[in-house]
Amino acid sequence: MCEEARNDIKFEDAMKRLEEIVRSLEEGNLTLDEAIRLYEEGIKLSKLCNDILRSVEKRVVLIEKLNGEYVEDDITNDIYGGLGQKE
Amino acid sequence: MLFDNIVSKKEWSVYELTNYLRKKVEMDILLKNIYLKGEVIRPTLSGEHLYFELKDLEYDAKVKCVYFWFDKKIEVRHGAKVLVKGNVIFYEKEGIIEIKVSEITDIGVGELFVKLKQLEEKLKQEGLFDQKYKKEIPRYPKKIGIVTSKNGAAVRDILNTIYSKFENIEVYIFNCSVQGQNAPYEICEGIEYFNNVLPVEVIIVGRGGGAFEDLMAFNDEMVVRKIFESKIPVISAVGHERDYVLTDFVADLRAITPTNAGEIVVGFQNQALEKLDEYYQKMKILISKKIESSREDLKLKLYRLYQNSPSNKLTKLIQDVDLLSSKLTFLLNKKLHNISSNLKILEKKLSVSSPYVRFTKAKNDYEILVKRLNIAFQNLWQKKEFEFKIKVEKLIALNPLNILKRGYSVTIHKSKVLTTVKEVSIGDEIVTRITDGIIKSKVFWTEEGADE
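Residue numbers (the numbering used here), protein chains in the order written: chain A, 120 to 206; chain B, 13 to 464.
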């Protein structure tokens, strides 16, 4: 839980900083050097946020109790078939 | 007759018994058109007919009921307290007593509902629904657990919603019954599984819409307590917006539908994704604009630098020279042209007074003059010839030689006829012509005015 919260904060801080950068760039009263430095920081932050958002791949796992044992079945490739539902 | 037959028999066939009982029941006037009070259990509609059980309000007793050609407009809920009117019948095929219902009237809140309200009150008193126990739902969860039936519409709705925008999420579905006797136990097992075996960031517990009694598992005390104990945040997603169950109160968040639960877990992520994309595009556009404007600025400065550079000044001077020289050329050309046209005029004029013309004229003049000369000459000639003839005749008359013949002579000195003594000096040779020849003499004496 604690770790998740930290992740949320890390992500939101990055997004906040990114928003600031975009605003600064929009205001436009920067030197070229400053603008490029901010742009580079912004690209890094947007990569960081993207990495967090895309840190896992799509995965759907069905857990069923069969004969008293829990069985985990990866049904990512055929979700509704795996759930026994017709598309 | 009939009774006698049976009494006399040692053993009955099933049919004989059921048939006997049916008739016995049908003949009992007390069992006709009775009113019966009770709580409806598991109403099921089969075709046009409604089947249910009527449970006693106080004791553990129930009876089966059937309502043929049931009017579907009337709502008969599980747990509803009703008054039915009908006849008691014996259904031979099943061997059971049934009420053949002709009327049904709802007479108030069912016992089940009352019990539910009592349970809600009890749990509330215990503080299970207190806001202070609510855990925060992670805004960017990557691992999501769902406790529901794999066959229900809920799981499909949740998955469709989660994966509609992007796919970077893991979903673990714990399959369980969501209604019936086992449902509360299985739901609890699911919550436990995610807490103890397969950790996820948020658990969705729920099912699709259904009748009040279908949702009862989510009003179960055991389930409510299990959700309360969960260390992982739980979202309750049961039925439709109007359906309220106890899990809605105990969960850390209530989703109005399973679809809404899906929206909750991906809402922030979808928004963030859109924002990220927007920021990324904006930054790219803004930086290219900045670079472009800096480039323009540089161009302008370079241009100004160039404008003020010595080489440019030189170029300007060269341009000036070029300009002036071309102006000059132009003016020269113009002048030349003027001169040339003047020349042409002069040439024209000149051609009028050319030597040839003059020559021709002169020739004409000459010819005229020659003619005139000839005429004049001829005239003169004739005149002179005439005069000459006269003179010749005169001359002939005056011929000195004739004079000479007469004895006179002519003295010549230096080819000139000597007429005065002053023309000769002593010593000069003189020639004297006489009629038949000449005499040469030397002067030895002269005297003016002397006679011989």
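Fair warning: there could be bad hints in the mix.
Straight-line distance between alpha carbons at most 27 Å, and here's what the computed DSSO-like set of lysine-lysine pairs gives [unchecked claim]:
(1) B/22 - B/44
(2) A/166 - B/301
(3) A/129 - A/184
(4) B/36 - B/144
(5) B/144 - A/129
(6) A/135 - B/147
(7) B/301 - B/313
(8) B/287 - A/135
(9) A/135 - B/177
Worth flagging that the hints you see were computed from the coordinates, not collected in a lab. The model shown is predicted, which means the values in this text are computed figures rather than measured ones.
Hint check results:
1. B/22 - B/44: With Cα atoms ~32 Å apart, residue 22 of chain B and residue 44 of chain B exceed 27 Å; violated.
2. A/166 - B/301: 22 Å, holds
3. A/129 - A/184: The given pair, whose Cα atoms are some 38 Å apart, is violated under the 27 Å limit.
4. B/36 - B/144: Since the Cα atoms of residue 36 of chain B and residue 144 of chain B sit roughly 65 Å apart, the hinted pair is violated (cutoff 27 Å).
5. B/144 - A/129: Holds. Residue 144 of chain B to residue 129 of chain A sits at ~25 Å (cutoff 27 Å).
6. A/135 - B/147: 24 Å, holds
7. B/301 - B/313: 18 Å, holds
8. B/287 - A/135: This hinted pair holds, its Cα atoms lying about 11 Å apart.
9. A/135 - B/177: 22 Å, holds
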